[in-house]
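Residue numbers (the UniProt record's numbering), protein chains in the order written: chain Z, 1 to 379; chain V, 1 to 453.
Bear in mind the hints are in silico, worked out from the structure with no lab data behind them.
Note that the structure is a prediction, hence the values are computed from the model and not measured.
Errors might be hidden in some of the hints.
FRET-style restraints, in silico, Cβ to Cβ [as the list claims (entries may be wrong)]: (1) Z:Pro262 <-> V:Gly62: 36 to 42 Å; (2) V:Thr347 <-> Z:Pro262: 56 to 62 Å; (3) V:Glu30 <-> Z:Gly204: 54 to 60 Å; (4) Z:Gly274 <-> V:Gly440: 53 to 59 Å.
Quick reminder that beta carbons are idealized off the backbone N, C-alpha and C, glycines included.
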Amino acid sequence: MSRSLPLRLAVALNGAGWHPAAWREPTARPADLFTAGYWTDLVREAEHGLLDFVTIEDALGMQSSRADGPDERTDQVRGRLDAVQIAARIAPLTRHVGLIPTATVTHTEPFHVAKAIATLDYVSAGRAGWQVQVSELPHESAHFGRRVVETGPRGVQDLLDEAADYVEVVRRLWDSWEDDAEIRDAATGRFIDRDKLHYIGFTGRWFSVQGPSITPRPPQGQPPVGAPAATGLAARAGADVVFTTPRDTDDVRDIVGDQSAPHVFADLVVVLDGDAQAARAHRRRLDDVDGAGFPPDAAVFAGTPGELADRLLRWHAAGLTGVRLLPARLPADLRAISRGLVPELQTRGAFRHRYEATTLRGLLGLPRPANRYAEDSVA
Amino acid sequence: MPKQIHLAVHFPGVNNTTVWSDPRSGSHIEFASFVRLAQTAERAKFDFFFLAEGLRLREQGGQIYDLDVVGRPDTFTVLSALAAVTDRLGLTGTINSTFNEPYEVARQFASLDHLSGGRAGWNVVTSWDAFTGENFRRGGFLAESDRYSRAARFLAAAGVLFDSWPDGAVVADRDRGVFLADGRAGAFAHRDEHFDIAGRFTVPRSPQGRPVILQAGDSDAGREFAAATADAIFSRHSRREAGQAFYADVKRRLATYGRDRDELLVLPAATFVLGDTDADAGERAAVIRRQQISGQTAIKLLEQLWNRDLSGYDPDGPLPEIDPDVSTEHIARGRASVRMHRDPVATAREWRARAEAGKLSIRELVIEVSGRQTFVGSPRTVADQIDDLVQCDAADGFILVPHVVPDGLDEFADTVVPLLQERGVFRTEYTGPTLRDHLGLRRPAATRAVPTG
Ligand SMILES: Cc1cc2nc3c(=O)[nH]c(=O)nc-3n(C[C@H](O)[C@H](O)[C@H](O)COP(=O)(O)O)c2cc1C
């Protein structure tokens, strides 16, 4: 069935690229990573390529080569800016591409995140989404000093339970204003119809939130929520977009069958060049510079845009609705996507020639959802 | 050389002074309104744009308060977006120290400062009430007496984080393969009675070093907090005598902390009504006052003092004979101003006497006693008043609150600002890129204490 749907294409933006040695490439801009101009140029490039959305990666702790805490390396990119603010900073300078920043749910407040993403939806005129992330790392807990996150399976289960509650609260807050709550009725002197504002009255194990939000319902009603498939969070939270990490086409078939989300995207790290040999040489060079090697969660593809198009179309035929490409090198591999891969897909009739919608939900073919509370009041 | 005036604009939040029924009144939530007001302020060379914050919708009599503008965006998100459509204007926002954590807020302000090229400012407020707490994990546990102690420690902890990367830590030398000068950049540890945090901060030192700190409390504790830590005070004392007294008081407190008089600016909130002549402006001001205090609003404001349901009273009739109810929980929730009525019974008697003497209805009385326009007159009169208040040390400048958005600042920008510029008391061009530059504040040196171990 998904064969008939057009292929969706996204990129994940992270520092100088996903390869730890990417910042040393001749085309990299490592001194600009903390400037607005750097991010603006990247997202405009993605928009030039008519991509559905960009995700902007983030975390509450420092990047590290170790699993158990920060390292003290000086030879890799360390540090990053808040992803929601990067997205907001870019929003007025772009018009079509979806903006999906990461916001962590462990240690933060659902009330704050709900209004931040709703506001991103306002400043982008309906292009906001949210990538949900949990933090199980003890050193990130120490940044807040309020609770020790239990490690091991039970601790992880707790974090995921909490995350699912969190997403539910955010979604209720987005609906806590009906769309037509602002009435400006001069005759009665009322700015709003308070019967169209709703207490969400959520009480759970980790927090309770009364509501309503201070921010009116965002333009999309519910900005799309994205989450990784791996932990089961996407399913628990009812994500609109689930990110998976298939190795090959068989893997894709298995994965797709397990997902209930409207959109199943595959993550794929890419090193691209018009010449296949050169692409593989880039990858080797990056690994050599880095020394330690590069073990990403997702599969790595090194080759030409044409070869990549072949792979993506096979995966699409196997049931994926979209692919999120993780450029190993920024901006080099992003440019290869927008100026190499996209024309290739267009030639094969597999990708859009112009943006057909102004909102992220529109691009993803998701209808604007009814407000859960408005339905209640009708019933 | 006369003192130079500082001017800022406040995007009006939730209040009864916004005349939303005016045909020129636009959206309070669409981004275009924020862009419009900010760009007007920048065109007029204002120091900064200001956003207030409230984290729970107000209630009165157990119901959401529906007569004023309701609804506002997230502070950080709007300010970051405004950084894209302005170039020099400072971008300051209110962020509460009770319902946030230092690591997260420091990260957000440092990010905003980077993304705006050094234009971030933080109005630290301390609301603590359990009512607002019902929207947050921490709940409402914080006792009133602890809120400034948490605010002070919060700011101290944020300062540690802001300073955790030395200037120049990002080397980004790709040939030598050195990204960081020091592999422990961002290492921090801070411990006090409110916070016990340690680790690595992820944001390099920002263009201003630290955002500009504003403070908006009025109590003794609030003034002391401002004298110790703030770069500017957002005050509510905009009249000559009260302003001078407040000004002298907070400037005097600075010495205790080893600070100079010009390290803390006093910026009262102010409203304005302009007209071709003073008489025109006076008439417009009277019309606006009636728009701001409708009959319904008059009753609701009266209820806030009486602490009773007064919905049965006629706003065009006399004041209630009964006294305020001081026995119960307050009828209005989520509002700082209700605590201004220290002795409601005495105030009610005073209002009643005043209404009888002047033969004033409820609505007329409320119009009389509730806040009024600060500056009313022709552009020349208003320019004179502003300049006078600054030169006589009642203020260092003003945070202007238009009563209509988004174009409620246009007239001021077009008529009053040129007059102030003519007299040489207001800039004609920005002299530097950062908010600290506009305010004449130094970029603080990083007082870095690298944790060991
Ligand atoms: C001019 C002014 C503006 C204020 N703006 C806000 C605001 O936007 N949000 C908020 O929560 N509190 C705001 N406050 C409240 C103060 O932060 C503080 O909580 C309140 O004044 C009580 O503190 P105090 O006892 O020191 O006066 C404001 C206060 C003043 C005087």
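Structure-inconsistent hints, enumerated in ascending order
3
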